[in-house]
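There are 2 protein chains.
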Amino acid sequence: MRTYSSVDFSKVKITGPFWHERLDTVMESTIPTQYDQLEKHNILDSLTIRPEAPPLTIPKNRHNFTTQIFWDSDVGKWVEAASYGLSHRRDEKVEAQIEDITDKLKKAQAPDGYLNCWYLQREPENRWTNLRDNHELYNAGHLLEGAVAYYRATGRDRLLKIMMRYMDHIAETFGTGEGQRRGYPGHEEIELALVKLYHATGEKKYLDLATYFVDERGNTDGVEHYFEIEREERGDTPEMFFQGTHEYSQSHKPVREQDKVVGHAVRAIYLYTAMADLAAEHDDDGLKSACEALWKDVTETRMYVTGGFGPSERNEGFTKDYDLPNETAYAETCASVAMVFWAARMLNLDLDGHYADILELALYNNSLAGLSKDGAHYFYDNKLDSDGSHSRWAWHFCPCCTMNVSRLVASVAGYFYGVAETEVAVHLYGGAETTLPVAGGKVHLKETSNYPWDGDIRIDLAPEEGTGPFTLSLRIPSWAKDATAKVNGEAVEVKTERGYLKMNRTWSKGDAVELSLPMPAERLRAHPDVRADAGKVALRRGPLVYCIEQKDNEQPVNRVRLPGDTALSSSFRPDFLGGITVIEGKAKAEQAADWGKALYRTEPAPEADTSITAVPYYIWANRGPNPMAVWIRE
Amino acid sequence: MRTYSSVDFSKVKITGPFWHERLDTVMESTIPTQYDQLEKHNILDSLTIRPEAPPLTIPKNRHNFTTQIFWDSDVGKWVEAASYGLSHRRDEKVEAQIEDITDKLKKAQAPDGYLNCWYLQREPENRWTNLRDNHELYNAGHLLEGAVAYYRATGRDRLLKIMMRYMDHIAETFGTGEGQRRGYPGHEEIELALVKLYHATGEKKYLDLATYFVDERGNTDGVEHYFEIEREERGDTPEMFFQGTHEYSQSHKPVREQDKVVGHAVRAIYLYTAMADLAAEHDDDGLKSACEALWKDVTETRMYVTGGFGPSERNEGFTKDYDLPNETAYAETCASVAMVFWAARMLNLDLDGHYADILELALYNNSLAGLSKDGAHYFYDNKLDSDGSHSRWAWHFCPCCTMNVSRLVASVAGYFYGVAETEVAVHLYGGAETTLPVAGGKVHLKETSNYPWDGDIRIDLAPEEGTGPFTLSLRIPSWAKDATAKVNGEAVEVKTERGYLKMNRTWSKGDAVELSLPMPAERLRAHPDVRADAGKVALRRGPLVYCIEQKDNEQPVNRVRLPGDTALSSSFRPDFLGGITVIEGKAKAEQAADWGKALYRTEPAPEADTSITAVPYYIWANRGPNPMAVWIRE
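Protein sequence lines, in the order shown, are assigned to chains A and B.
My numbering applies: residue 113 is where the first sequence begins, and numbers increase by one.
My numbering applies: residue 113 is where the second sequence begins, and numbers increase by one.
Some hints here could point you the wrong way.
One copy or two, it doesn't matter: identical chains are merged, so the pair holds either way.
Calculated cross-link-like contacts (lysine-lysine; reagent style DSS-like; alpha-carbon spacing at most 27 Å) [unchecked claim]: (1) K598 <-> K125; (2) K663 <-> K432; (3) K205 <-> K614; (4) K408 <-> K365; (5) K308 <-> K216; (6) K216 <-> K554; (7) K614 <-> K709; (8) K273 <-> K219; (9) K432 <-> K700; (10) K218 <-> K607; (11) K308 <-> K408; (12) K709 <-> K593; (13) K709 <-> K607; (14) K125 <-> K152; (15) K709 <-> K408; (16) K372 <-> K709; (17) K593 <-> K216; (18) K218 <-> K205.
Just so you know, these hints were derived from the structure itself, not from any lab.
Start from the sequences, fold in the hints, and give me the full structure.
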């Protein structure tokens with residue numbers, strides 16, 4: 113079923129300024145400061161099992177809940193991000209750190225291959241007793257993703273082999289065979305990691321294990337729900353079921369029957385990512401249809417304009433259609449990072465620009481907002497409206513988003529291209545160079561642009577001798593109206609096929625395609641049932657959603673109104689926030705000077721003329737506490 | 113300092129239809145169904161101490177937290193509400209139930225007078241070890257208020273005597289004397305209850321104890337903060353300080369230094385109520401000034417248009433200026449009930465119609481919304497915007513609001529009048545009859561109206577022989593523009609003095625004053641810094657704030673817009689929801705038919721003409737799940 117394959121991060125070189133700067137920052141600031149934080153917070157030390165020693169000091173939240181049970185995943189994600197970074201530039205110190213982590217994990221691993229540092233240290237007798245809440249399989253998945261990434265980046269397989277032993281142990285433990293437990297993870301993640309392991313090693317048993325986990329999920333056909341079996345075995349009281357519903361972990365019904373996105377957003381989207389992987393691997397129409405229904409549900413009713421997902425803090429997840437509050441938006445960084453993963457898989461299943469549009473939206477906006485300009489501060493939840501009290505942190509009680517955004521940025525090169533037998537698809541722009549196998553040969557592609565600030569894009573092609581004719585498919589984003597294109601200086605009609613301009617020919621060395629995607633500043637409106645956005649507009653230019661921050665605006669951002677007939681202009685400011693395009697426009701702002709003492713009165717407040725300056729959403733909150741709004745009254 | 117006194121609930125007869133119906137409902141439905149719930153949920157049984165028996169089954173929330181430590185207060189509040197009701201109509205069954213509760217409390221009481229059923233049953237060795245969190249003094253206060261109310265309503269003092277013994281024990285335990293603990297309640301309440309006990313008995317020691325609790329609160333002058341002393345004695349870990357701040361209990365600084373309302377809203381307003389009581393008792397300018405500063409703060413920056421207080425679920429309380437979200441509004445019923453208490457005290461300190469305006473606002477809107485039309489369903493939190501998922505419950509995990517709203521409604525008669533030596537002030541209208549001591553004599557007052565539906569009010573006066581000249585002060589609500597008045601049919605000029613029309617003369621039997629308060633339907637706007645209400649209007653008529661409920665409106669309420677030039681009309685509908693006045697107007701509503709699949713798009717949605725029907729906020733959610741909005745886009 114899969115016609116297209118992604119092109120691995122290690123095969124694409126980022127040359128354009130936007131992502132080059134972000135990659136430099138990740139390698140120079142994010143990866144080393146994260147390592148320091150992992151060290152400082154005892155997370156690296158927790159890999160060393162000392163059953164006789166007193167427990168490490170661990171953070172707890174106000175409900176006396178610790179995140180130590182997730183620490184293995186933090187290590188795995190750091191290894192993964194660092195490994196992607198090594199493709200961008202080698203770094204001996206980072207490699208030595210990964211080797212040291214490998215040593216620790218090798219020592220920690222139990223003789224039977226089991227490798228969860230919390231359980232090995234704290235309660236070895238309780239392995240696999242609470243898949244629902246305690247993240248053993250999730251941790252295993254993240255360590256595995258780290259191992260695969262390190263192997264891909266360096267060819268070193270020591271960590272990979274440790275993780276393969278662990279996966280073999282897991283494959284023995286879980287399954288439908290005699291003596292096996294019919295369990296599956298409460299927090300999905302290992303499924304997609306196993307598909308990566310299968311791709312890296314070619315060993316089908318890992319694909320089979322991923323398939324088992326996805327197929328068994330929510331199964332109550334002739335068996336009791338696995339999390340209920342577990343719960344009874346543990347003797348839990350009802351209060352110990354924190355979220356109280358299997359929707360939280362998307363195990364309320366078999367995955368093929370699911371058509372509404374529910375529960376914890378990150379869990380959900382990791383699951384859907386694995387479902388799309390397996391749909392491709394097995395040509396599984398049932399999984400593909402479920403993915404399509406879930407995709408439609410989430411993008412048509414449950415997505416922030418910034419590509420954020422999961423509005424509610426309560427379940428870190430989904431609530432109901434059109435429920436997208438701005439000031440209390442959860443929109444976890446991890447969830448939109450996960451959306452990039454899922455969208456990339458959907459795009460491989462089915463080359464439709466809609467998937468790439470959402471991939472780009474989630475990447476450039478909600479995800480990228482998660483990482484500060486200095487590369488060492490983060491957002492966990494991504495508000496779309498703030499009175500100034502929401503600001504970035506250098507570390508978090510639950511640091512999952514930290515390494516999720518760095519692994520995304522460090523691997524961004526992997527999302528630019530797709531290939532099929534006789535087709536090369538360009539999904540993203542921004543300056544990226546690669547050599548791809550196509551049409552019995554190879555083609556060197558060099559895409560040059562100052563995207564996302566500018567929509568003028570040039571692609572130089574250099575097929576090697578003997579490469580047959582192939583289709584170059586250039587994504588025309590849905591926001592790009594009146595796009596124009598030229599091949600070797602000659603205008604070609606921009607007629608798109610499901611979001612892509614497709615040009616089939618025998619390409620020659622020296623061929624150049626020029627694409628122009630106009631990027632006017634535009635107003636966006638939300639569906640009339642998005643209560644929070646009624647009467648408001650958001651600003652967009654190209655792939656970027658904008659916001660107004662207090663520091664750039666003379667009037668309080670909460671009082672600003674942008675009348676419907678105001679012209680918007682945009683300009684690139686090289687010296688502002690590292691070089692960004694701002695949007696400006698004339699506006700009105702309510703005045704409070706004559707308001708008086710009452711909080712409410714019958715007369716409206718008078719308005720004064722003002723103007724607004726909007727900056728890209730992803731760059732907000734890099735200048736200290738700063739009130740901000742994405743949605744502006746019209 | 114206090115010039116005015118309230119007129120006790122037991123001295124005023126409610127004759128007008130609005131409150132008569134609510135009082136009937138409370139006596140016929142609320143009081144008996146609450147008793148049944150107290151029985152069903154083991155709350156009455158918990159008064160019987162059986163140290164050897166297994167603990168009662170008690171409800172816990174998802175953080176494994178029980179409310180049983182508050183149960184004494186629920187019993188106290190039920191006794192209090194029922195006692196007020198007995199003034200409206202005697203009821204032998206209710207009296208027998210209170211006697212039975214009295215028997216149980218008498219048996220439960222420890223030889224030294226201590227009487228907290230949780231501690232007596234569960235952990236008698238831990239008395240008074242956690243005033244910060246465990247509500248011992250709060251429970252004592254509510255039981256005491258119940259005892260005072262029962263004594264006032266019936267003259268029976270058995271319960272009162274039990275509580276006086278308990279108060280004597282508390283007075284021995286706490287104070288600045290040698291061997292005493294310098295403690296005070298984490299949840300204020302007992303302070304105002306002790307003032308009531310002082311008024312009922314004349315025993316100054318109870319006033320002294322209230323004064324001590326208020327004065328000692330937040331004291332760190334030469335002593336350690338009491339809750340820190342306690343905490344160290346308990347050996348708590350830092351995580352056990354659930355809210356993590358003394359602002360939560362208004363003990364972050366001495367009360368006289370407080371000028372911002374902070375923390376848990378109900379605790380705060382109960383404290384301010386006691387402060388106003390003590391300001392009057394002691395002629396204490398420091399306390400009065402603090403009350404005035406806090407009043408100004410809360411009413412000018414932190415009050416919902418419905419008279420709700422405390423926007424946040426997290427601390428059940430205050431956040432910051434102008435932070436008044438609608439869909440997530442907490443606005444606990446208890447907090448606005450408490451506001452009625454506080455406002456009544458402020459009004460006695462200082463006859464300013466502003467206090468009565470807020471009293472009326474909190475009473476008729478946020479408070480009254482807490483009790484269903486059938487008298488047996490409740491709101492704890494009072495949203496100002498709902499997608500239909502917020503509905504009333506018959507009982508609550510934490511049933512505090514249940515009995516708070518019933519005790520308010522049952523005692524509403526006590527808020528109508530104030531008296532001074534030569535003045536009678538009428539604060540509220542709605543049909544109430546009383547005989548008051550004034551100017552060396554007495555006057556019978558009969559106020560007749562169909563308020564709040566109609567602003568035509570008639571007051572018949574019948575002074576007894578020998579009553580001197582006095583001032584009749586009629587409140588002219590701030591919302592009433594162009595009020596007119598007549599005395600014995602002759603127009604008098606409506607010139608107000610701080611919100612009251614004051615008429616001084618020698619009144620004669622047969623004198624009648626007619627007052628006409630026009631009640632047009634009006635739009636209200638919020639201060640420009642109330643982010644949640646920007647660009648929106650609320651509807652008000654007289655003392656009532658309105659809302660639009662889905663069942664009465666053809667278009668989805670979230671899509672409705674009320675253009676600024678739309679005329680609003682109002683009409684009384686005798687057969688609708690028991691007889692209410694509705695507001696109607698022409699409106700516009702966004703249409704989604706052509707919206708397409710995307711959640712966001714550049715073109716605005718077209719609008720269609722529609723009309724709206726608004727109902728009083730207090731009556732919403734009496735017809736099943738029903739989307740609702742108070743604030744409507746303009």
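Structure-based check of each hint:
1. K598 <-> K125: within (24 Å within a copy, 88 Å between copies)
2. K663 <-> K432: Result: close only across copies, 21 Å inter versus 34 Å intra.
3. K205 <-> K614: neither (45 Å within a copy, 85 Å between copies)
4. K408 <-> K365: within (19 Å within a copy, 54 Å between copies)
5. K308 <-> K216: For K308 and K216, only the intra-copy Cα distance (23 Å) is at most 27 Å; the inter-copy one is 68 Å.
6. K216 <-> K554: Neither: 42 Å inside a copy, 90 Å across copies.
7. K614 <-> K709: Between copies, since 25 Å is at most 27 Å while 64 Å is not.
8. K273 <-> K219: Result: close within a single copy only, 13 Å intra versus 72 Å inter.
9. K432 <-> K700: between (34 Å within a copy, 25 Å between copies)
10. K218 <-> K607: For K218 and K607, neither the intra-copy (56 Å) nor the inter-copy (88 Å) Cα distance is at most 27 Å.
11. K308 <-> K408: For K308 and K408, the Cα distance is within 27 Å only inside one copy (26 Å; across copies 62 Å).
12. K709 <-> K593: between (50 Å within a copy, 18 Å between copies)
13. K709 <-> K607: between (61 Å within a copy, 22 Å between copies)
14. K125 <-> K152: neither (33 Å within a copy, 70 Å between copies)
15. K709 <-> K408: between (49 Å within a copy, 9 Å between copies)
16. K372 <-> K709: between (48 Å within a copy, 16 Å between copies)
17. K593 <-> K216: Answer is neither; intra-copy 54 Å and inter-copy 79 Å both fail.
18. K218 <-> K205: The answer is within: 20 Å in one copy meets 27 Å, while 75 Å across copies does not.
Hint compliance for this structure: hints 3, 6, 10, 14 and 17 are not met, and every other hint is.
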